[in-house]
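In full-length UniProt numbering, the protein residues as written are 1 to 398.
Accuracy of the hints is not assured; some may be wrong.
Said to hold, decoys possible - Derived DSBU-like pairs (lysine-lysine); straight-line CA-CA distance at most 35 angstroms:
no. : residue 1 : residue 2
1   : K29       : K178
2   : K178      : K27
3   : K87       : K178
4   : K87       : K342
5   : K178      : K342
Claimed, not checked - Listed next, with one range per pair, are the computed distances between beta-carbon atoms:
no. : residue 1 : residue 2 : range
6   : R92       : E146      : 25 to 35 angstroms
7   : T84       : D261      : 35 to 45 angstroms
8   : W331      : F104      : 23 to 33 angstroms
9   : V131      : P236      : 27 to 37 angstroms
10  : H265      : R179      : 22 to 32 angstroms
11  : G105      : G237      : 26 to 36 angstroms
No wet-lab data here; the hints were simulated from the structure. Every residue, glycine too, gets a C-beta built ideally from N, C-alpha and C.
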Amino acid sequence: MAGTGATGVRKWHRKSRNGCKSCKSRKVKCDENHPSCHNCLQRGIRCDYLESDTSSTGSPPPAIQDSSLELELLHNYTISTAATLTKSPLIRDMWRVVVPQIGFGTRYILDGILALSALHMARSDARRREVLLAAAAEYLTASLREALPLISAVNAQNCSVLFLFSVITLYVSLAMPKRDDDMLVVGDNGVPQWLYLFRGIEPIVEVQQESVLSSPVSLIFMGTHASSEYWHSHEPGPHDGLDELEAGIQFRTSNDHEKQDVLMHAIHALRRSYTFLDHRDIGEEHKLRGMYQWLLEISDDYLALLRNLDREALCVFAFFCVLTRDFETFWWSEGWPAHLIKRVYLLLDDEYRLYIRWPIEQIGWVPPPMGMGMGVGIGMGMNMGMGMGMGMGQGYMQ
Numbered sequence: 001m002a003g004t005g006a007t008g009v010r011k012w013h014r015k016s017r018n019g020c021k022s023c024k025s026r027k028v029k030c031d032e033n034h035p036s037c038h039n040c041l042q043r044g045i046r047c048d049y050l051e052s053d054t055s056s057t058g059s060p061p062p063a064i065q066d067s068s069l070e071l072e073l074l075h076n077y078t079i080s081t082a083a084t085l086t087k088s089p090l091i092r093d094m095w096r097v098v099v100p101q102i103g104f105g106t107r108y109i110l111d112g113i114l115a116l117s118a119l120h121m122a123r124s125d126a127r128r129r130e131v132l133l134a135a136a137a138e139y140l141t142a143s144l145r146e147a148l149p150l151i152s153a154v155n156a157q158n159c160s161v162l163f164l165f166s167v168i169t170l171y172v173s174l175a176m177p178k179r180d181d182d183m184l185v186v187g188d189n190g191v192p193q194w195l196y197l198f199r200g201i202e203p204i205v206e207v208q209q210e211s212v213l214s215s216p217v218s219l220i221f222m223g224t225h226a227s228s229e230y231w232h233s234h235e236p237g238p239h240d241g242l243d244e245l246e247a248g249i250q251f252r253t254s255n256d257h258e259k260q261d262v263l264m265h266a267i268h269a270l271r272r273s274y275t276f277l278d279h280r281d282i283g284e285e286h287k288l289r290g291m292y293q294w295l296l297e298i299s300d301d302y303l304a305l306l307r308n309l310d311r312e313a314l315c316v317f318a319f320f321c322v323l324t325r326d327f328e329t330f331w332w333s334e335g336w337p338a339h340l341i342k343r344v345y346l347l348l349d350d351e352y353r354l355y356i357r358w359p360i361e362q363i364g365w366v367p368p369p370m371g372m373g374m375g376v377g378i379g380m381g382m383n384m385g386m387g388m389g390m391g392m393g394q395g396y397m398q
């Protein structure tokens, strides 16, 4: 586990001989992320992790071969699911009409929207819930199996379709049933496949703007591109919750500057994303950028810390949970803020739970009574005059 205290220096990286073949042949350190390590992704070559991840999926399961179910899912998508993905009438029509048309010529797009439709139907069809959830998982697996290898060969012809698919997989991943230990952005094998795709395609799409803007999915890109420009150009002001978090983490990591830099970068990205929370001139459609821009900006080193359940990284992640709050009106994001903040809370001890008071209050989640837990800790801190303004590193975190 990562180093967590101010006393002593504990390195959070680990030695391993399980790196991919490409990194071994080049004699460079492999981060062992699946489905592709960062080195292979940067060099644009196919990682052998990707081979093992995709080859294990085998032939399409029986549910995908059920043509009557497929027709039912497509019908449900066009008359119902597509209307639930956005509040914009123009973009809603694009999801309903244009995206299925693209899917007829690109199987991984069709599989993606069928997976989303199956998840949507499973919410109201209790009798077939398990069948529909299984079908959704199978369609998602099939779509990723076809789309992931294309990341290393993105060009002007396929970048807009891959961009569309990255948005679809975000919806599907949020809509999937949550496991108790689900952290959304990290898994047992490193970065989840949907986030790998998301982080891999976005920088390339920015380079291929002209191709995407002239594509049928330009409506999605124009909105996200405008909000992306605002995200990068707007200088965020002070924020009490983030100011306190930053002060506390600087104190706790004062003897590990490498780790501190990783965490400060993640907090700075949060500051920019938080400008979308209360900005009156930014519509609901653009607020999604605040959430997923942070997912694009955080480093692989931060994701490694989070995967190792590093306490400071978990505290930063708790503040990300607030960014998901505004999307609970959409069925595909329902329950995520409370689920994620609960997961972080249970992984932290009482001392570190003091860091995440603000996001807990914003989300409105009520911690369970656990002896000298959250409620007692907050009360003691406030009674001693150690509120938000003092900073955790100088107050009750010593």
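Structure-based check of each hint:
no. : hint                             : result
1   : K29 to K178                      : holds, 33 angstroms
2   : K178 to K27                      : violated, 39 angstroms
3   : K87 to K178                      : holds, 25 angstroms
4   : K87 to K342                      : holds, 29 angstroms
5   : K178 to K342                     : holds, 13 angstroms
6   : R92 to E146: 25 to 35 angstroms  : holds, 27 angstroms
7   : T84 to D261: 35 to 45 angstroms  : holds, 40 angstroms
8   : W331 to F104: 23 to 33 angstroms : holds, 26 angstroms
9   : V131 to P236: 27 to 37 angstroms : violated, 47 angstroms
10  : H265 to R179: 22 to 32 angstroms : holds, 29 angstroms
11  : G105 to G237: 26 to 36 angstroms : violated, 47 angstroms
Comparing the model with each numbered hint stated earlier shows that hints 2, 9, 11 do not hold.
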